Amino acid sequence: MKISARNVFDGTVGAVKLGAVNSEVDIALPGGQKIVATVTNDSVAELGLAAGKAVKAIVKASSVLVLADGADVKLSARNRLEGTVSAIVEGPVSSSVTIALPSGDSVFATITHEGSIALGLKVGLPAAAIFKAPSVIVGVSA
Amino acid sequence: MKISARNVFDGTVGAVKLGAVNSEVDIALPGGQKIVATVTNDSVAELGLAAGKAVKAIVKASSVLVLADGADVKLSARNRLEGTVSAIVEGPVSSSVTIALPSGDSVFATITHEGSIALGLKVGLPAAAIFKAPSVIVGVSA
Amino acid sequence: MKISARNVFDGTVGAVKLGAVNSEVDIALPGGQKIVATVTNDSVAELGLAAGKAVKAIVKASSVLVLADGADVKLSARNRLEGTVSAIVEGPVSSSVTIALPSGDSVFATITHEGSIALGLKVGLPAAAIFKAPSVIVGVSA
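Chains as they are written, first to last, in the UniProt record's numbering: chain W, 1 to 142; chain F, 1 to 142; chain P, 1 to 142.
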């Protein structure tokens with residue numbers, strides 16, 4: 001698989017919660033963190049998603065928000081990976097932010113240049129990568 | 001809270017419609033406009049979302065579309081904030097568009113440079129910011 | 001309608017699968033391909049979505065992933081349009097990729113510059129445009 005998404009995490013399905021149209025899929029990462037994905041029930045069936053299945057959790061960088069100081073807020077977004085800013089690339093409109101996780105993995109976020117400036121992001125500062133469950137694509141080996 | 005999302009609206013929960021896996025949350029803004037968010041039922045429970053609760057509606061600029069002339073179309077996207085283009089920043093690939101709302105708030109959209117050119121956007125022209133309910137993150141004070 | 005989204009496909013509703021809060025809408029394109037959209041039940045009612053209805057499927061370029069070699073993977077994303085890379089514009093942070101479909105339509109994706117480099121994208125190579133059902137906005141004539 002060669003896919004444009006910068007975030008591809010190997011994990012294992014922990015649980016699948018079926019709804020009427022959509023399902024919620026919990027994916028455990030080796031580092032102990034969890035990713036929650038919302039996919040259609042059709043996808044659950046076609047991909048054979050069930051507890052124990054090895055999967056990839058795929059997230060576009062543009063779906064990821066950066067939270068620099070979140071002690072005072074609780075967010076509805078199901079996914080929050082805490083780490084340290086390890087790289088920032090500024091463009092005229094967009095900025096690319098890399099957050100290194102304790103597990104050794106990295107998360108990539110594309111945010112607005114203005115957002116980057118407003119946050120005062122600097123390499124070495126703590127930050128969290130935030131993304132919603134519907135932003136996660138689940139992949140399995142064909 | 002310091003978050004990269006350019007759009008953070010203070011509002012009050014109007015209603016919560018529970019589904020099997022996801023819920024629809026109506027958020028009333030002080031200016032009389034409404035934002036609809038789709039979040040998981042787990043988030044509704046953890047954040048204590050119920051009518052009257054003060055919340056923040058958070059939307060990434062990249063989740064926002066700009067509609068320049070929408071008299072002839074109805075869209076499935078639940079969120080449509082009408083205003084006036086107040087700023088445009090063009091990059092080689094992306095453009096940042098700011099839409100000033102009658103309430104005094106602004107909405108920020110990151111769109112493609114080609115989209116911006118095709119729309120003929122200019123400061124002072126009317127435009128609507130369009131975003132889907134699953135693009136909205138709900139935040140509450142911790 | 002003048003909308004910033006680069007991807008606007010004319011199609012016909014094939015089926016609507018109602019859930020508790022959200023519905024899945026299948027849209028048939030003239031070229032024989034299918035697009036799946038997840039919208040709220042309120043939208044289904046307001047837009048009068050039912051089999052046979054002429055609609056537009058609208059997808060922001062930033063919601064589209066590019067898959068360059070997908071023989072070994074199955075993805076939960078419901079939408080996969082196969083074609084050939086016809087244009088690439090590189091920016092410092094983002095890249096714009098155009099994929100020409102056999103039907104004559106094109107799909108536009110905004111991906112990270114790093115993603116573009118990692119994929120080794122070149123004009124003329126086969127590629128698929130991937131996007132999730134919740135990324136699709138459905139439009140009808142007012």
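Treat the hints as calculated values from the structure; they're not laboratory data.
Every value quoted in this text rests on a predicted model; they were computed, and no experiment measured them.
Check before you lean on any hint, since a few could be wrong.
A pair counts as met if it fits within one copy or between any two copies, since identical chains are not told apart.
Unchecked claim - Heads up, simulated SDA-like pairs for lysine to any residue below, C-alpha to C-alpha not over 20 Å straight-line:
(1) K17 x E46
(2) K34 x K122
(3) K34 x V44
(4) K56 x G104
(5) K74 x D10
(6) K122 x P92
(7) K122 x G14
(8) K34 x E82
(9) K122 x V44
(10) K17 x D42
(11) K53 x D26
(12) K74 x A142
(13) K17 x I88
Status of each hint after checking the structure:
1. K17 x E46: Close inside one copy (16 Å) and across copies (17 Å); limit 20 Å.
2. K34 x K122: The answer is neither: 26 Å in one copy and 35 Å across copies each exceed 20 Å.
3. K34 x V44: For K34 and V44, both the intra-copy (18 Å) and inter-copy (19 Å) Cα distances are at most 20 Å.
4. K56 x G104: Within one copy only: 17 Å inside a chain, 32 Å across chains, cut-off 20 Å.
5. K74 x D10: between (27 Å within a copy, 14 Å between copies)
6. K122 x P92: Cα proximity of K122 and P92: in one copy and across copies (18 Å, 19 Å).
7. K122 x G14: Close neither inside one copy (35 Å) nor across copies (38 Å); limit 20 Å.
8. K34 x E82: within (12 Å within a copy, 32 Å between copies)
9. K122 x V44: Result: close neither inside a copy nor across copies, 40 Å intra and 33 Å inter.
10. K17 x D42: So K17 and D42 pass the 20 Å test inside a copy (13 Å) and across (11 Å) alike.
11. K53 x D26: Within. Shortest intra-copy distance 11 Å satisfies the 20 Å Cα cut-off; inter-copy 28 Å does not.
12. K74 x A142: Close across copies (5 Å), not inside one copy (38 Å); limit 20 Å.
13. K17 x I88: Intra 37 Å, inter 40 Å, cutoff 20 Å: neither.
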